[in-house]
Amino acid sequence: METIIKDLKNELSYKTRLEALDKIKDYDLNDEEYFFIKILVIKLALNDRVFAVKHAAFLLCQKNKLKKNNEPINLGKKNTGYSPNDVRKMFLKIKRQTGMEALDLDLFKEYFQTIAPQMYDVMSSEHMYFDNWIRGIYKYLSK
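Numbering (UniProt numbering), first residue to last: 1 to 143.
No lab work stands behind these hints: they were computed from the structure.
Honestly, I wouldn't trust all of these hints.
Derived pair list, reagent style DSS-like, types lysine-lysine, alpha-carbon separation capped at 25 Å [said to hold, decoys possible]:
#1 Lys93 x Lys139
#2 Lys9 x Lys65
#3 Lys77 x Lys67
#4 Lys68 x Lys78
#5 Lys68 x Lys23
#6 Lys43 x Lys15
#7 Lys23 x Lys63
#8 Lys63 x Lys43
#9 Lys67 x Lys43
#10 Lys25 x Lys43
Kindly generate the complete structure, drawing on both the sequences and the hints.
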């Protein structure tokens, strides 16, 4: 149970959170034994930036009829919490710190994951062709 709680709290890997949600799909979260897990699932359903995690947590909330402040939990719209300007600024920061003129994808991804691990996690989950997305944005950065 401790590992599941730890995995649900892992903000740097959406895959870990999804796997943890999958492990608890058959639990009765209304049972007192799972109180802390229930709180984390509600938090993920309301606040996670990765829509796949948010949706999986929302489905668990629906299945267990969980509520927040006696209100049913709504899925809400898909919102990563990062504007295109935030992404552009991060890319420029990485470009400046690495001194890259031409894109070295592996080095860029390593810096991106080090400097902004949560943004990296969200963007890698939202963009199916993550490497091509990085190349496309990097191509149009100002010199």
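Now the hints, each set against the structure:
1. Lys93 x Lys139: holds, 15 Å
2. Lys9 x Lys65: The hint holds at about 22 Å.
3. Lys77 x Lys67: holds, 18 Å
4. Lys68 x Lys78: holds, 20 Å
5. Lys68 x Lys23: holds, 22 Å
6. Lys43 x Lys15: holds, 17 Å
7. Lys23 x Lys63: holds, 14 Å
8. Lys63 x Lys43: holds, 16 Å
9. Lys67 x Lys43: holds, 11 Å
10. Lys25 x Lys43: holds, 16 Å
The structure shown violates none of the earlier numbered hints.
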